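Undergrad: Please build the complex by placing chain B on the supplied structure of chain A, with the hints as guidance.
What follows is the residue order along each chain.
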Amino acid sequence: MRLSDYDPDCLKCEEVMQPYLDRVLDDAQVREAEAHLDACDYCRQRYRFEVSLRRYVRTVAAEKQMPVELKAKLAALRTPLQ
Amino acid sequence: MSEPTQAEARRIAEEARDRVRFEEEALDLSDQVFRVARHLVGSREEAEDLMQETYARAFRSWRSYTPGTNLRAWLLRILTNLNIDRGRRQQRTPQMTSIDEHGDYYLYDKLVEGEGETPNEERVIAKLSQGSIVDALAHVPHDFRDVLVLVDIGEFSYAEAAQILDIPIGTVMSRLHRARRILKGELAEEVAS
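Residue numbers (the numbering used here), protein chains in the order written: chain A, 21 to 102; chain B, -19 to 173.
Bound conformation, chain A alone (with noise of 0.2 Å):
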């Protein structure tokens, strides 16, 4: 498909899918992404991949641990008691 192939309103729901998913639309805009939501299949399973995306960009960044030496290190940077 190219952009050209979608439908307009596909467009419009691209342009709100992102604040849609931050949660910072006003209560009109996110009723007028829901109804396109319900309405198309394409955007329905995009959002889904949106948000799964998301997890997963998430989860991978979780597996950066902090290294057990540098959390010595920066308790030794605290001021000592007097």
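Worth flagging that the hints you see were computed from the coordinates, not collected in a lab. Note that this is a predicted model, so its numbers are computed, not measured. Some hints here could point you the wrong way.
Computed footprint of chain B on chain A; a stretch qualifies when at least three of its residues, placed anywhere within it, have a C-beta under 8 Å from a C-beta of chain B [said to hold, decoys possible]:
{"hint": "1", "region": "38 to 50"}
{"hint": "2", "region": "78 to 87"}
{"hint": "3", "region": "90 to 97"}
Positions of the beta carbon are idealized from the N, C-alpha and C atoms, including for glycine.
TA: Leaving out everything else, chain B in the frame of chain A:
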């Protein structure tokens, strides 16, 4: 030197107690701060250096923290400022490419190829390796990556990210949108190759 008065002694003891509490709370948050730091810079070594500089500065200037406000955001503000001060490599704003322009669609369409009418999004996502996500994140230019990492990995709100980076909230939104597109464009290129 004269002995401190009772009131002065009490004040000193209270301050010491506040400082210890501050330091303990800051250390408790270090795992979460590291997770963000690790993706703001290119290597683990850089992230570790940045963490030590951040905590050294935080412990020195603990009095400027207002108790009851978001300590994690306060620490990240120090960290992102230090990261910028370290003279990180200036990157040009990338030119829009056709993948970038169509990135949101392109990645999804590429991944669902051959998946049939109702693709399973978990299986679609599994086509992306963990390494490809890390590489793609590292390719997002700094200004955009800062916002992406704070919001999508650090789970800060737009307003908090704006405060941490000292930029308007509108800039957070536009950079975030662009950053996610660039990320998906990078992933799409990898999938396509």
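Undergrad: Hint compliance check: list the failing hint numbers for this structure, sorted ascending.
TA: none
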